[in-house]
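K.L.:
Each of the two chains sits in its own frame; use the hints to bring them together as a complex.
The chain contents come next:
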Amino acid sequence: MVKSTIQNSIRKLRFLADEITQQQLADEVGVSRQTIVAIEKGNYSPTLELAFKIANVFNLPIEEVFIYEPKAEKSKKKK
Amino acid sequence: MSYQEKQNIVNIFSGLLITGIFTWTVYQRHLEGRFDLTEDFTKWGVLFLIFMGVSMIARIIIYIIFHIINAIATREEDVPVEDERDKLIKLKSTRNSHYTFSICFVSAFILLAIGMPIYGIFIAFLISGLLAEIIDNSSQIYYYRRGV
Chain A
35 MVKSTIQNSI
45 RKLRFLADEI
55 TQQQLADEVG
65 VSRQTIVAIE
75 KGNYSPTLEL
85 AFKIANVFNL
95 PIEEVFIYEP
105 KAEKSKKKK
Chain B
12 MSYQEKQNIV
22 NIFSGLLITG
32 IFTWTVYQRH
42 LEGRFDLTED
52 FTKWGVLFLI
62 FMGVSMIARI
72 IIYIIFHIIN
82 AIATREEDVP
92 VEDERDKLIK
102 LKSTRNSHYT
112 FSICFVSAFI
122 LLAIGMPIYG
132 IFIAFLISGL
142 LAEIIDNSSQ
152 IYYYRRGV
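Heads up: the sequence lines are chains A and B, in that order.
Quick note on our numbering: the first sequence kicks off at 35 and runs consecutively.
Quick note on our numbering: the second sequence kicks off at 12 and runs consecutively.
Chain B on its own, in the form it takes in the complex (with noise of 0.2 Å):
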């Protein structure tokens, strides 16, 4: 397995982990009242910073270990040199990550259209960003395996 495809592994575990705790840490928050998420939107967009934020943190932590254990294991300490391929491959992953992304905006107005609560948008914006996110990892493994 290339360093590549390893990487995009971890991206999509790391990805699920993060979000999965810190959604999980949110609501545990809200159910014990702290905030009303359901009627204050001013804390969803506080709430996203704080993700954004400990997002990058988190996955900086998670890639420096996945180089230390990478190079540990293979011998290899050389993170490999990006090339036209590589390029290509990950334009193509961000075209299938951005239509996924857009499918689940546009489905996140029709549901709202026909009903849904107005903090779940905010909902379905975490879950798109966390699928666009497989999409385009999953993509790169995919390209690098079959072929771009």
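Next up, chain A with everything else stripped away, as it sits in the complex (with noise of 0.2 Å):
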């Protein structure tokens, strides 16, 4: 599976705003559901811009939204 060495809390941050549903979230930041349940499960990176707006929405800066693991990467070229 193709899985993103960019990691989120979405899903925490989505209970924590009363439990707000992936469409609300993406009607908020126009993109379909099935894109903000990819970027969940980490099969897909957003776009910077995309990454604001998301982070916007939970008021939030966008470091406390996604994180980047690097070691993840590396792990992989071992490989």
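If you are wondering where the hints come from, they were derived from the structure by calculation, not from laboratory data.
Some clues are possibly wrong.
What the hints assert, rightly or not - One-sided and incomplete, this derived list gives chain A residues near chain B with beta-carbon spacing under 7 Å:
1. 65
2. 66
3. 69
Said to hold, decoys possible - For each label pair, taking beta carbons as the anchor points, the in silico distance ranges come out as:
4. 67(A) <-> 36(B): 41 to 49 Å
5. 70(B) <-> 51(A): 41 to 49 Å
6. 82(B) <-> 103(A): 37 to 45 Å
7. 52(A) <-> 13(B): 21 to 29 Å
8. 101(B) <-> 94(A): 29 to 37 Å
9. 61(A) <-> 134(B): 46 to 54 Å
10. 71(B) <-> 50(A): 27 to 35 Å
11. 46(A) <-> 72(B): 43 to 51 Å
Said to hold, decoys possible - Here are the simulated lysine-lysine pairs, DSSO-like style, with alpha carbons at most 30 Å apart:
12. 98(B) <-> 46(A)
13. 87(A) <-> 103(B)
14. 17(B) <-> 75(A)
15. 103(B) <-> 75(A)
16. 75(A) <-> 101(B)
17. 54(B) <-> 87(A)
18. 87(A) <-> 75(A)
19. 46(A) <-> 54(B)
20. 75(A) <-> 54(B)
21. 101(B) <-> 17(B)
Heads up, the beta-carbon is just placed ideally off N, CA and C, and yes, glycines get one too.
P.N.:
Shown next as structure tokens:
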């Protein structure tokens, strides 16, 4: 599976934001629900613009929503 | 299964169906002696243009039927809006499709160089186009399911 090295805490943040649905978040940032599902699962790394929009919905800086994990990339290369 | 995945599956089968029916019809006419596709190359040009027109019309009809059936089955009338992920998936799939077409195209010239009759190049075009389309839609299904 194509797992990105950019992890996120969207699921947790949705829970903390009164359990807003994936569809509500998708509507807020102007993408499809499938895209939010893919981002949450780590199957898709959003563009910078979309990442900022998502962070903006939760009123948080981008680094609190998306985390870059270079270790995962290194271990992939070793294989 | 998402709308896009269903649409890609429909595209693959409609491509196979339209190309299959069209080539079978043309081949039958060739066997009946209405035209000689091994010698008359202008006929190939005419046939390709007819094929493009027939294919476009058939696809529009199939797409409308698919949309109606999908709307009845899922009770969702709106077509999903294309976002950045959809665009990236389309871009990558188009790249794969172009690679496929290029490989088939070069293979056809190699076969021509080692003695394949000239009309074979037209058949190779048809097969290349069909394969490229299948790869395009299959890639999209893959990227939607496995991530991009």
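K.L.:
Would you mind marking each hint as holding or not holding in the structure?
P.N.:
Results for each hint:
no.	hint	verdict
1	65	holds, 4 Å
2	66	holds, 5 Å
3	69	holds, 4 Å
4	67(A) <-> 36(B): 41 to 49 Å	holds, 43 Å
5	70(B) <-> 51(A): 41 to 49 Å	holds, 43 Å
6	82(B) <-> 103(A): 37 to 45 Å	holds, 42 Å
7	52(A) <-> 13(B): 21 to 29 Å	holds, 27 Å
8	101(B) <-> 94(A): 29 to 37 Å	holds, 31 Å
9	61(A) <-> 134(B): 46 to 54 Å	holds, 49 Å
10	71(B) <-> 50(A): 27 to 35 Å	violated, 47 Å
11	46(A) <-> 72(B): 43 to 51 Å	holds, 47 Å
12	98(B) <-> 46(A)	holds, 28 Å
13	87(A) <-> 103(B)	holds, 24 Å
14	17(B) <-> 75(A)	holds, 21 Å
15	103(B) <-> 75(A)	holds, 20 Å
16	75(A) <-> 101(B)	holds, 20 Å
17	54(B) <-> 87(A)	violated, 56 Å
18	87(A) <-> 75(A)	holds, 18 Å
19	46(A) <-> 54(B)	violated, 64 Å
20	75(A) <-> 54(B)	violated, 53 Å
21	101(B) <-> 17(B)	holds, 15 Å
Checked against the numbered hints listed earlier, the structure breaks hints 10, 17, 19, 20; every other hint is satisfied.
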